[in-house]
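There are 4 protein chains.
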Amino acid sequence: MSATLLKISCPDRVGLLARLTSFVAYHGGNLLEVHQFTDPLSGWFFARLAIDTGTLALDLPALRKAFKPTADELQADWTIRDETVKMRVVILVSKLGHCLADLLWRWRSGELPIDIPLVISNHEDFREMTEREGLRFEFVPTDDKAAAFEKMRELFRSVNAELIVLARYMQILPREICDEWPGRIINIHHSFLPSFVGANPYKRAYDRGVKLIGATCHYATAELDEGPIIDQEVVRVEHFHMPDDLLRLGRDCERLALARGVRYHIHDRVLIHGKKSIVFRD
Amino acid sequence: MSATLLKISCPDRVGLLARLTSFVAYHGGNLLEVHQFTDPLSGWFFARLAIDTGTLALDLPALRKAFKPTADELQADWTIRDETVKMRVVILVSKLGHCLADLLWRWRSGELPIDIPLVISNHEDFREMTEREGLRFEFVPTDDKAAAFEKMRELFRSVNAELIVLARYMQILPREICDEWPGRIINIHHSFLPSFVGANPYKRAYDRGVKLIGATCHYATAELDEGPIIDQEVVRVEHFHMPDDLLRLGRDCERLALARGVRYHIHDRVLIHGKKSIVFRD
Amino acid sequence: MSATLLKISCPDRVGLLARLTSFVAYHGGNLLEVHQFTDPLSGWFFARLAIDTGTLALDLPALRKAFKPTADELQADWTIRDETVKMRVVILVSKLGHCLADLLWRWRSGELPIDIPLVISNHEDFREMTEREGLRFEFVPTDDKAAAFEKMRELFRSVNAELIVLARYMQILPREICDEWPGRIINIHHSFLPSFVGANPYKRAYDRGVKLIGATCHYATAELDEGPIIDQEVVRVEHFHMPDDLLRLGRDCERLALARGVRYHIHDRVLIHGKKSIVFRD
Amino acid sequence: MSATLLKISCPDRVGLLARLTSFVAYHGGNLLEVHQFTDPLSGWFFARLAIDTGTLALDLPALRKAFKPTADELQADWTIRDETVKMRVVILVSKLGHCLADLLWRWRSGELPIDIPLVISNHEDFREMTEREGLRFEFVPTDDKAAAFEKMRELFRSVNAELIVLARYMQILPREICDEWPGRIINIHHSFLPSFVGANPYKRAYDRGVKLIGATCHYATAELDEGPIIDQEVVRVEHFHMPDDLLRLGRDCERLALARGVRYHIHDRVLIHGKKSIVFRD
Numbered sequence: 027m028s029a030t031l032l033k034i035s036c037p038d039r040v041g042l043l044a045r046l047t048s049f050v051a052y053h054g055g056n057l058l059e060v061h062q063f064t065d066p067l068s069g070w071f072f073a074r075l076a077i078d079t080g081t082l083a084l085d086l087p088a089l090r091k092a093f094k095p096t097a098d099e100l101q102a103d104w105t106i107r108d109e110t111v112k113m114r115v116v117i118l119v120s121k122l123g124h125c126l127a128d129l130l131w132r133w134r135s136g137e138l139p140i141d142i143p144l145v146i147s148n149h150e151d152f153r154e155m156t157e158r159e160g161l162r163f164e165f166v167p168t169d170d171k172a173a174a175f176e177k178m179r180e181l182f183r184s185v186n187a188e189l190i191v192l193a194r195y196m197q198i199l200p201r202e203i204c205d206e207w208p209g210r211i212i213n214i215h216h217s218f219l220p221s222f223v224g225a226n227p228y229k230r231a232y233d234r235g236v237k238l239i240g241a242t243c244h245y246a247t248a249e250l251d252e253g254p255i256i257d258q259e260v261v262r263v264e265h266f267h268m269p270d271d272l273l274r275l276g277r278d279c280e281r282l283a284l285a286r287g288v289r290y291h292i293h294d295r296v297l298i299h300g301k302k303s304i305v306f307r308d
Numbered sequence: 027m028s029a030t031l032l033k034i035s036c037p038d039r040v041g042l043l044a045r046l047t048s049f050v051a052y053h054g055g056n057l058l059e060v061h062q063f064t065d066p067l068s069g070w071f072f073a074r075l076a077i078d079t080g081t082l083a084l085d086l087p088a089l090r091k092a093f094k095p096t097a098d099e100l101q102a103d104w105t106i107r108d109e110t111v112k113m114r115v116v117i118l119v120s121k122l123g124h125c126l127a128d129l130l131w132r133w134r135s136g137e138l139p140i141d142i143p144l145v146i147s148n149h150e151d152f153r154e155m156t157e158r159e160g161l162r163f164e165f166v167p168t169d170d171k172a173a174a175f176e177k178m179r180e181l182f183r184s185v186n187a188e189l190i191v192l193a194r195y196m197q198i199l200p201r202e203i204c205d206e207w208p209g210r211i212i213n214i215h216h217s218f219l220p221s222f223v224g225a226n227p228y229k230r231a232y233d234r235g236v237k238l239i240g241a242t243c244h245y246a247t248a249e250l251d252e253g254p255i256i257d258q259e260v261v262r263v264e265h266f267h268m269p270d271d272l273l274r275l276g277r278d279c280e281r282l283a284l285a286r287g288v289r290y291h292i293h294d295r296v297l298i299h300g301k302k303s304i305v306f307r308d
Numbered sequence: 027m028s029a030t031l032l033k034i035s036c037p038d039r040v041g042l043l044a045r046l047t048s049f050v051a052y053h054g055g056n057l058l059e060v061h062q063f064t065d066p067l068s069g070w071f072f073a074r075l076a077i078d079t080g081t082l083a084l085d086l087p088a089l090r091k092a093f094k095p096t097a098d099e100l101q102a103d104w105t106i107r108d109e110t111v112k113m114r115v116v117i118l119v120s121k122l123g124h125c126l127a128d129l130l131w132r133w134r135s136g137e138l139p140i141d142i143p144l145v146i147s148n149h150e151d152f153r154e155m156t157e158r159e160g161l162r163f164e165f166v167p168t169d170d171k172a173a174a175f176e177k178m179r180e181l182f183r184s185v186n187a188e189l190i191v192l193a194r195y196m197q198i199l200p201r202e203i204c205d206e207w208p209g210r211i212i213n214i215h216h217s218f219l220p221s222f223v224g225a226n227p228y229k230r231a232y233d234r235g236v237k238l239i240g241a242t243c244h245y246a247t248a249e250l251d252e253g254p255i256i257d258q259e260v261v262r263v264e265h266f267h268m269p270d271d272l273l274r275l276g277r278d279c280e281r282l283a284l285a286r287g288v289r290y291h292i293h294d295r296v297l298i299h300g301k302k303s304i305v306f307r308d
Numbered sequence: 027m028s029a030t031l032l033k034i035s036c037p038d039r040v041g042l043l044a045r046l047t048s049f050v051a052y053h054g055g056n057l058l059e060v061h062q063f064t065d066p067l068s069g070w071f072f073a074r075l076a077i078d079t080g081t082l083a084l085d086l087p088a089l090r091k092a093f094k095p096t097a098d099e100l101q102a103d104w105t106i107r108d109e110t111v112k113m114r115v116v117i118l119v120s121k122l123g124h125c126l127a128d129l130l131w132r133w134r135s136g137e138l139p140i141d142i143p144l145v146i147s148n149h150e151d152f153r154e155m156t157e158r159e160g161l162r163f164e165f166v167p168t169d170d171k172a173a174a175f176e177k178m179r180e181l182f183r184s185v186n187a188e189l190i191v192l193a194r195y196m197q198i199l200p201r202e203i204c205d206e207w208p209g210r211i212i213n214i215h216h217s218f219l220p221s222f223v224g225a226n227p228y229k230r231a232y233d234r235g236v237k238l239i240g241a242t243c244h245y246a247t248a249e250l251d252e253g254p255i256i257d258q259e260v261v262r263v264e265h266f267h268m269p270d271d272l273l274r275l276g277r278d279c280e281r282l283a284l285a286r287g288v289r290y291h292i293h294d295r296v297l298i299h300g301k302k303s304i305v306f307r308d
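Protein chains in written order, with the numbering used here: chain A, 27 to 308; chain B, 27 to 308; chain C, 27 to 308; chain D, 27 to 308.
Possibly wrong hints are sitting among the right ones.
As the list makes no split between identical chains, a pair holds if one copy fits it or if it spans any two.
Mimicking SDA-like on lysine to any residue, the simulated pairs with C-alpha atoms at most 25 Å apart in a straight line are [to be verified]: (1) K229 with G69; (2) K301 with G224; (3) K121 with R134; (4) K94 with V40; (5) K229 with R201; (6) K121 with W133; (7) K301 with R234; (8) K177 with M155; (9) K94 with R230; (10) K94 with L82; (11) K302 with P167; (12) K229 with L58; (13) K229 with T64.
Just so you know, these hints were derived from the structure itself, not from any lab.
Please put together the full structure from these sequences, using the hints given.
What follows is the structure in structure tokens.
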């Protein structure tokens with residue numbers, strides 16, 4: 027059963043969900059899943075409706091057109107997408123490959139229904155691992171950062187990147203890129219934010235003597251490690267765990283948190299609102 | 027802001043949520059929270075709508091009356107309740123008081139908005155702990171089980187018990203009682219069901235050498251430990267944990283799982299369907 | 027079986043554990059538990075030996091005297107204690123009673139083998155809850171902080187406080203008190219340190235949109251929330267959890283982390299080393 | 027720093043640890059790590075000593091010879107191994123490759139210091155994935171089970187298998203193989219044992235409506251799913267998780283629990299005692 031996904035956020039008002047569900051029902055759509063959240067503090071409304079595509083009387087463009095007047099009146103941010111059309115995801119990696127390897131496995135096994143038109147790295151280490159999957163790998167050195175990011179931007183555009191995943195890519199993307207793909211760049215930070223923003227979080231976690239370490243999957247913005255958080259994962263550590271052990275244990279946190287974050291995003295389960303994200307988990 | 031809670035389960039059909047939300051909107055109701063689940067395997071629909079009571083044009087009896095024709099047509103199981111009317115909860119306990127103490131604290135501090143018209147035990151141990159809270163305590167010895175349960179049934183009726191909580195009450199309630207309060211008896215079992223159904227679960231967990239132990243909050247039915255599960259909690263254990271340690275660690279699992287289960291129930295967040303439960307967690 | 031506890035930390039050297047265990051064996055002691063940790067980075071050695079008291083040829087003062095020459099030579103920090111002698115624990119609380127209630131229950135039920143000679147608060151709210159347990163309650167208002175802390179210091183001394191527990195006591199103890207009871211003041215902070223040091227952590231966690239919140243049990247030092255961490259606890263939260271929900275969920279984290287921290291401390295399972303703590307968990 | 031590992035279990039007696047540590051000290055060995063556990067219920071003693079190899083006056087064969095008289099007298103089960111000598115691990119897989127892929131990544135990235143002389147499967151699906159890593163793959167069809175297992179036994183022998191890992195190998199090994207590699211066959215079962223022993227655990231977990239699912243890493247014995255448990259992992263599930271979702275979420279539990287179990291084993295951190303295992307985690 028294939029689904030059409032309607033994602034929407036707007037100021038709350040009485041009867042909103044009734045209007046949305048009536049709209050869907052009017053066009054014959056059978057609802058597979060409905061998630062809704064009304065934030066009592068901000069007065070904002072968020073929803074995700076998964077509609078059985080086969081029951082809809084209209085095709086996607088027509089449905090969008092039919093919905094536009096309502097959406098305009100509601101001053102809504104919204105998308106209507108066909109879940110079966112795979113998102114085009116570009117992955118960036120540096121010298122640590124566990125997140126890349128994990129994403130590639132989930133993609134290859136069908137768990138993660140995405141297209142990966144391109145993997146970019148500032149090192150050559152994972153060219154073979156990428157190319158043996160039949161995927162394109164581009165080496166973009168970052169000695170000259172301005173040139174590197176300009177090159178990258180062109181690459182993103184040339185493959186029509188819909189999502190950019192920083193899979194332990196140890197460079198901060200410039201504001202121009204963050205602005206061109208807002209809410210479409212996902213980063214994995216190797217700490218439980220807001221603890222240990224910035225460099226060397228495992229070393230600092232070790233020095234502080236914390237008893238839990240973690241990883242944070244969040245949208246990248248121009249502010250370092252400040253973007254909306256999608257998911258976090260933690261693992262218990264003890265005094266006998268040296269910095270290398272934290273790296274090892276942290277890797278599994280990173281893989282899990284990143285994979286979940288990407289999954290939620292590509293299924294339109296994340297709605298960004300200011301500095302926070304609403305996540306309708308599955 | 028006080029809420030009116032509409033809880034409903036029925037066979038799925040197109041436009042169901044539209045009908046429910048339109049019904050609410052028609053009567054002026056502003057939706058505070060909407061949870062919905064359509065089970066694709068059973069074809070069943072479940073929902074919980076929290077409506078801002080102050081915005082409703084009808085009072086509760088009138089709202090129920092207005093909803094009845096729709097509910098009948100949908101062949102629905104449903105309730106409409108005022109969340110501010112506290113449920114009447116009877117607690118049963120034997121010789122282990124941690125769950126009782128935990129519930130009493132949550133009640134006294136206002137975390138658990140319930141009325142406790144009665145605490146029953148087959149031992150006198152917790153009379154003082156109960157009575158000093160200003161609550162009624164009844165000692166019902168279980169030497170003669172038939173008499174004991176007959177006495178208990180009268181007590182439940184006399185206080186209009188809406189929920190019965192077995193807070194480590196080490197007796198199995200007879201079928202008659204389970205049938206008179208279906209879906210309204212909550213038990214805490216001291217294992218991670220279906221592991222270790224029955225007696226001495228911690229000892230058996232120790233003997234088996236499991237690396238995680240747990241507790242299960244579920245509805246009591248006439249079948250031992252087979253009722254719908256509401257929540258479960260686990261904790262990691264190691265080889266150095268002796269049976270007494272498992273008891274100690276398990277107590278915290280039990281307290282948490284039971285408190286959550288009771289909380290979900292009294293806020294109408296649990297819908298029972300056959301042997302399973304749909305839980306709209308908060 | 028009652029235990030004598032030898033706790034020691036000193037610079038590492040070859041044969042250290044052999045010397046300790048031989049010392050114990052020489053005096054007839056049967057080892058019940060041995061925990062040892064050699065920190066490869068700091069070159070420091072930590073151990074906790076639990077000895078079956080009944081098998082020891084010497085009484086405690088004689089055992090201490092016999093051990094002193096060795097300890098001096100090793101330049102060790104060490105204690106030898108009888109585990110059956112209950113530690114004298116003073117509890118401080120303000121207006122939130124969940125941690126106090128939790129500790130009282132664990133004490134009353136025998137789970138926490140301590141003496142509680144005194145409960146202090148800057149509010150009268152929990153006098154009744156304390157006194158009905160037969161415990162002494164002192165109200166020490168903090169309008170005049172200098173006078174309050176002077177009064178408190180006298181109280182601590184007068185009851186021979188061995189451990190001071192800040193059970194959501196919302197005042198920072200002055201340096202003089204921290205210095206007089208070093209490594210013997212335990213605080214529960216209502217965030218996952220080092221996230222949200224200082225005031226209003228739940229509100230800030232809400233604003234940041236984290237997906238996990240937590241609590242940290244640590245030794246209080248003169249630096250706010252910087253003392254050695256003993257234990258931490260987290261719970262997953264979602265976008266629909268309002269600040270009040272975080273408070274509610276956090277309370278259970280706080281109770282668990284604090285109870286474990288106190289437990290580890292009174293059983294001599296914690297060794298402090300600089301800003302960190304070695305915890306031999308049970 | 028390379029380590030020599032002494033692993034030992036024997037009946038407890040006074041002075042045991044003193045004898046072991048003195049033996050090590052006598053031969054110049056500096057202890058890097060010491061784990062010890064005395065089971066008060068069985069009266070059994072277990073220890074693992076990691077000795078800095080460079081400080082030992084004897085080489086491995088000489089050290090073993092020197093230790094033998096002590097071990098004999100103690101009636102001990104024991105091994106002395108060089109941690110830097112990689113264990114030879116054969117992996118078996120059927121049609122689900124997530125555990126194999128995970129182990130291969132951990133091996134290739136150096137996280138798991140093992141040799142993999144052979145991967146065996148009753149299907150051809152993962153030949154390419156294995157061979158592109160430069161590893162040998164053998165297809166052993168199981169239409170004729172007796173022949174298949176005879177073939178497998180020969181293969182195990184021919185590569186001097188020290189550990190056999192059933193990475194979702196959906197066949198039960200016969201008693202002869204279990205007996206020939208006792209305590210050296212590790213299985214991952216896709217449920218939280220002892221829940222759902224046997225086939226289709228996820229489906230049965232779904233039917234029972236549990237709120238947590240998990241995976242169990244254990245030693246395979248001739249009794250199905252009854253061998254000593256090494257590690258377990260769980261994940262929370264909700265009513266909206268269909269059987270396919272449980273499979274997906276369970277895969278991550280399986281990967282983590284299996285990887286940890288293998289890791290503990292190859293570093294001699296697991297001691298088997300009857301139906302249970304002592305695990306000195308890192």
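Against the structure, the hints come out as follows:
1. Taking identical chains as interchangeable, the C-alpha atoms of K229 and G69 lie at most 25 Å apart only when they sit on different chains, with a minimum of 18 Å there against 41 Å within one chain.
2. For a Cα distance limit of 25 Å, the shortest separation of K301 from G224 qualifies both inside one copy, at 18 Å, and across copies, at 22 Å.
3. Taking the closest pair of Cα atoms, K121 and R134 come within 25 Å of each other both inside a single copy (22 Å) and across two copies (14 Å).
4. Taking the shortest alpha-carbon separations for K94 and V40, both the intra-copy value of 19 Å and the inter-copy value of 23 Å come in at or below 25 Å.
5. In this homomeric assembly, K229 and R201 never come within 25 Å of each other (Cα to Cα): the closest approach is 28 Å inside a single copy and 29 Å across copies.
6. Within a single copy, K121 and W133 get their C-alpha atoms as close as 21 Å, and across copies as close as 17 Å, so both meet the 25 Å cut-off.
7. For the identical chains of this complex, K301 and R234 are inter-copy neighbours only, at 7 Å across copies versus 27 Å inside a copy, given an alpha-carbon limit of 25 Å.
8. Taking identical chains as interchangeable, the C-alpha atoms of K177 and M155 lie at most 25 Å apart only when both belong to the same chain, with a minimum of 22 Å there against 33 Å between chains.
9. Taking CA atoms no more than 25 Å apart as the test, K94 paired with R230 passes in neither setting, with 50 Å inside one copy and 37 Å between copies.
10. In this homomeric assembly, K94 and L82 come within 25 Å of each other (Cα to Cα) only inside a single copy, at 17 Å, whereas the closest approach across copies is 30 Å.
11. For the homomeric pair K302 and P167, neither the shortest alpha-carbon distance inside one copy (33 Å) nor that between copies (40 Å) is at most 25 Å.
12. Taking the shortest alpha-carbon separations for K229 and L58, only the inter-copy value of 21 Å comes in at or below 25 Å, while the best intra-copy value is 46 Å.
13. For the homomeric pair K229 and T64, the shortest alpha-carbon distance between copies (19 Å) is at most 25 Å, but the shortest distance inside one copy (40 Å) is not.
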